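S.K.: Now for the letters of each chain:
Number of protein chains: 2
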Amino acid sequence: MSPFTPVPTESIAHAGEIALVRRLLVALGAAAPAAPEGPGDDCAVLAENPAPGRRLVTTDSVIWGRHFDASVSPEDAGRKLVNRNVSDIAAMGGDPTDAVLALLMGPDVSAAWLEKFMIGVGQACLSQGVKLAGGDLAKMPAGTFAASLSLTGFAEKPMLRTGGRAGDFVYVTGSLGGSILGKHFAFTPRVPEGRFFAAHPAVRAGMDLTDGLGKDLPVLLPPRTAALVDTAALPLSADCLAVATKSGLTAVHHALNDGEDYELLLIVDPAGADGMESDFAKRFPEVRLTRVGRIVPAATGLDQGALYDETGEPLAERGFDHFATDSTGN
Amino acid sequence: MSPFTPVPTESIAHAGEIALVRRLLVALGAAAPAAPEGPGDDCAVLAENPAPGRRLVTTDSVIWGRHFDASVSPEDAGRKLVNRNVSDIAAMGGDPTDAVLALLMGPDVSAAWLEKFMIGVGQACLSQGVKLAGGDLAKMPAGTFAASLSLTGFAEKPMLRTGGRAGDFVYVTGSLGGSILGKHFAFTPRVPEGRFFAAHPAVRAGMDLTDGLGKDLPVLLPPRTAALVDTAALPLSADCLAVATKSGLTAVHHALNDGEDYELLLIVDPAGADGMESDFAKRFPEVRLTRVGRIVPAATGLDQGALYDETGEPLAERGFDHFATDSTGN
Numbered sequence: 001m002s003p004f005t006p007v008p009t010e011s012i013a014h015a016g017e018i019a020l021v022r023r024l025l026v027a028l029g030a031a032a033p034a035a036p037e038g039p040g041d042d043c044a045v046l047a048e049n050p051a052p053g054r055r056l057v058t059t060d061s062v063i064w065g066r067h068f069d070a071s072v073s074p075e076d077a078g079r080k081l082v083n084r085n086v087s088d089i090a091a092m093g094g095d096p097t098d099a100v101l102a103l104l105m106g107p108d109v110s111a112a113w114l115e116k117f118m119i120g121v122g123q124a125c126l127s128q129g130v131k132l133a134g135g136d137l138a139k140m141p142a143g144t145f146a147a148s149l150s151l152t153g154f155a156e157k158p159m160l161r162t163g164g165r166a167g168d169f170v171y172v173t174g175s176l177g178g179s180i181l182g183k184h185f186a187f188t189p190r191v192p193e194g195r196f197f198a199a200h201p202a203v204r205a206g207m208d209l210t211d212g213l214g215k216d217l218p219v220l221l222p223p224r225t226a227a228l229v230d231t232a233a234l235p236l237s238a239d240c241l242a243v244a245t246k247s248g249l250t251a252v253h254h255a256l257n258d259g260e261d262y263e264l265l266l267i268v269d270p271a272g273a274d275g276m277e278s279d280f281a282k283r284f285p286e287v288r289l290t291r292v293g294r295i296v297p298a299a300t301g302l303d304q305g306a307l308y309d310e311t312g313e314p315l316a317e318r319g320f321d322h323f324a325t326d327s328t329g330n
Numbered sequence: 331m332s333p334f335t336p337v338p339t340e341s342i343a344h345a346g347e348i349a350l351v352r353r354l355l356v357a358l359g360a361a362a363p364a365a366p367e368g369p370g371d372d373c374a375v376l377a378e379n380p381a382p383g384r385r386l387v388t389t390d391s392v393i394w395g396r397h398f399d400a401s402v403s404p405e406d407a408g409r410k411l412v413n414r415n416v417s418d419i420a421a422m423g424g425d426p427t428d429a430v431l432a433l434l435m436g437p438d439v440s441a442a443w444l445e446k447f448m449i450g451v452g453q454a455c456l457s458q459g460v461k462l463a464g465g466d467l468a469k470m471p472a473g474t475f476a477a478s479l480s481l482t483g484f485a486e487k488p489m490l491r492t493g494g495r496a497g498d499f500v501y502v503t504g505s506l507g508g509s510i511l512g513k514h515f516a517f518t519p520r521v522p523e524g525r526f527f528a529a530h531p532a533v534r535a536g537m538d539l540t541d542g543l544g545k546d547l548p549v550l551l552p553p554r555t556a557a558l559v560d561t562a563a564l565p566l567s568a569d570c571l572a573v574a575t576k577s578g579l580t581a582v583h584h585a586l587n588d589g590e591d592y593e594l595l596l597i598v599d600p601a602g603a604d605g606m607e608s609d610f611a612k613r614f615p616e617v618r619l620t621r622v623g624r625i626v627p628a629a630t631g632l633d634q635g636a637l638y639d640e641t642g643e644p645l646a647e648r649g650f651d652h653f654a655t656d657s658t659g660n
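Taken in order, these protein sequences are the chains called A and B. Throughout the first sequence, residue numbering follows this note's numbering, covering 1 to 330 in sequence. Throughout the second sequence, residue numbering follows this note's numbering, covering 331 to 660 in sequence.
Source of the hints: derived by calculation from the structure; they are not laboratory data. Take these hints with a grain of salt, some might be off.
Computed list of chain B residues with no C-beta within reach of chain A, every gap over 12 Å [said to hold, decoys possible]:
{"hint": "1", "residue": "Ala360"}
{"hint": "2", "residue": "Leu456"}
{"hint": "3", "residue": "Lys576"}
{"hint": "4", "residue": "Thr620"}
Computed spacing ranges between beta-carbons, pair by pair [what the hints assert, rightly or not]:
{"hint": "5", "chain 1": "B", "residue 1": "Lys487", "chain 2": "A", "residue 2": "Pro270", "range": "48 to 54 Å"}
{"hint": "6", "chain 1": "A", "residue 1": "Arg224", "chain 2": "B", "residue 2": "Met331", "range": "38 to 44 Å"}
{"hint": "7", "chain 1": "A", "residue 1": "Ala19", "chain 2": "B", "residue 2": "Glu643", "range": "26 to 32 Å"}
{"hint": "8", "chain 1": "B", "residue 1": "Ile348", "chain 2": "A", "residue 2": "Arg283", "range": "31 to 37 Å"}
{"hint": "9", "chain 1": "A", "residue 1": "Ser71", "chain 2": "B", "residue 2": "Gly497", "range": "54 to 60 Å"}
{"hint": "10", "chain 1": "B", "residue 1": "Ala636", "chain 2": "A", "residue 2": "Gly29", "range": "27 to 33 Å"}
{"hint": "11", "chain 1": "A", "residue 1": "Leu241", "chain 2": "B", "residue 2": "Lys487", "range": "56 to 62 Å"}
{"hint": "12", "chain 1": "B", "residue 1": "Leu456", "chain 2": "A", "residue 2": "Ala186", "range": "41 to 47 Å"}
{"hint": "13", "chain 1": "A", "residue 1": "Leu241", "chain 2": "B", "residue 2": "Val402", "range": "47 to 53 Å"}
{"hint": "14", "chain 1": "B", "residue 1": "Gly459", "chain 2": "A", "residue 2": "Glu286", "range": "46 to 52 Å"}
Just some of the chain A residues that point at chain B, by a computed CB distance under 10 Å [said to hold, decoys possible]:
{"hint": "15", "residue": "Ala35"}
{"hint": "16", "residue": "Cys43"}
{"hint": "17", "residue": "Thr58"}
{"hint": "18", "residue": "Asp60"}
{"hint": "19", "residue": "Arg66"}
{"hint": "20", "residue": "Ala91"}
{"hint": "21", "residue": "Gly135"}
{"hint": "22", "residue": "Lys139"}
{"hint": "23", "residue": "Gly143"}
{"hint": "24", "residue": "Ser148"}
{"hint": "25", "residue": "Leu151"}
{"hint": "26", "residue": "Leu160"}
All figures in this text were calculated on a predicted structure; none of them were measured in a lab. Don't be surprised by glycine CBs; every beta carbon is placed ideally from N, CA and C.
Using the sequences provided together with the hints, build the complete structure.
M.R.: Spelled out as structure tokens, the structure:
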């Protein structure tokens, strides 16, 4: 379903700003509290600290033609906007609390399409405990649609990307690759798992997998280290295998490079790794957790910041560069 | 200066994401702290409460072709993005503390232009005490550029839009109209003034003037009231008079409808108004504060939510509708 309408009377330009905002607030339902806690004043007014801990902030966008197309329902696009932000809060071990939404839209965006998008935003907010505290509408050229969400959360002891050491083990939750077949719109952010990892003494660092293990794991490597990836152990999703069958590339290639897994990537102290695994299995019996490699000192044939397979061959494939002209997008 | 370059090697697509982010962080300078307080992790990690009071959040955008064009320097566009958000915090009587920035850009955006834009963002952040805690880059169609900022602040006793009563006086800071000639890029958000009004017992409600007094004042009117505007008292800026000379419309028309004044609009208890005026004059001797009208009960010939001049003639001009197809933009 395209966001745009050729019928002027169905467009947001025709709806008028005040009536449109009213309609969008109805679509959001209970996700948008009344002012001043919600939309309607110059700012939203929130409790200082609705959850214990340090305050976390993140922002992420969805763009028509980039993150979704006409094959995607507006509700799914709206849910994705919320969930990809929530995944960033999950990656710090936090609880998401409240968000503001910037809509940047051509005048030819369909009011009915936008209403459905907001229904998806509202549903995801409600299911993640997020209040939509405020927003802004701004006009862009015809034929364009973008939405940016900024999300706040709180974490008692945030899990950072820094903290890994040579010798540490690398873990991932769930399975990797092939998210293009559906998971990139249908994932559930790993909020409770993130809280578990942030609180566990054996977990030294972590992040969420958005650009693919091949690009994201190097981010967690401390200086003068590389990583050995046990490619045989990579938890390949069924969709990863399906994509590989069609692409002619290996499933391992897809698991390393597909992006948008929205799983958690963890760096774990080897001394506590077995205990962490069993603690995790007790708490999350249905969630896969796989040791996929380890951090090693950089050395001859092991370049700093690079990934290698178990035989020492470089895993040359790189993750997703958001601005590269030759990128295939995600 | 246009954000776009016809020379591929000068574009952000050519720069590569990691190098580009590094360059933008250099441009931001001290405005962007190191991770985890600043950019570099999944979320920024902030103090729960860097200033006393309730937490305020707001979001606002600047869009190429909408809020600025090639006649505007990239530094001014970046400063405007920050300052229009800070004005929303000022309108609640708050202190701005930290922000996240979403950049939505065509691959043909010039890296040098973007660097200058970020220098402007950084300068405005530093001058307003705002830390740029994080951000996101996302790719849009060629020829487009948008930036959304989400800003957090804190206020001990936020000034809301609600609270006005029939009989209350209406005040504005500074002068109105003609901001298109320069003020809409060169304004200083009224942060200390906002704090003064939020703390003053005679001030019942307030907001910042972004869409023009004619559209903004009705927002502050309680149900079953209208407002009488003393059009002879309106503080007309020199630029308002200059614009009126060219447009052939009255200066009052421009003062009511131009938008982007970024002044504060206040609703004040008449019993405390004189005291508030003298308190304000002591604290801000160089800032104009003008009583421009009063709230009256709706009645025959005085429609609820509408504005009238001192003779009871309706001030039919309306402020700025962001999506109206016939709008001239601001």
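S.K.: Which of the listed hints are broken here?
M.R.: Those not satisfied: there are none.
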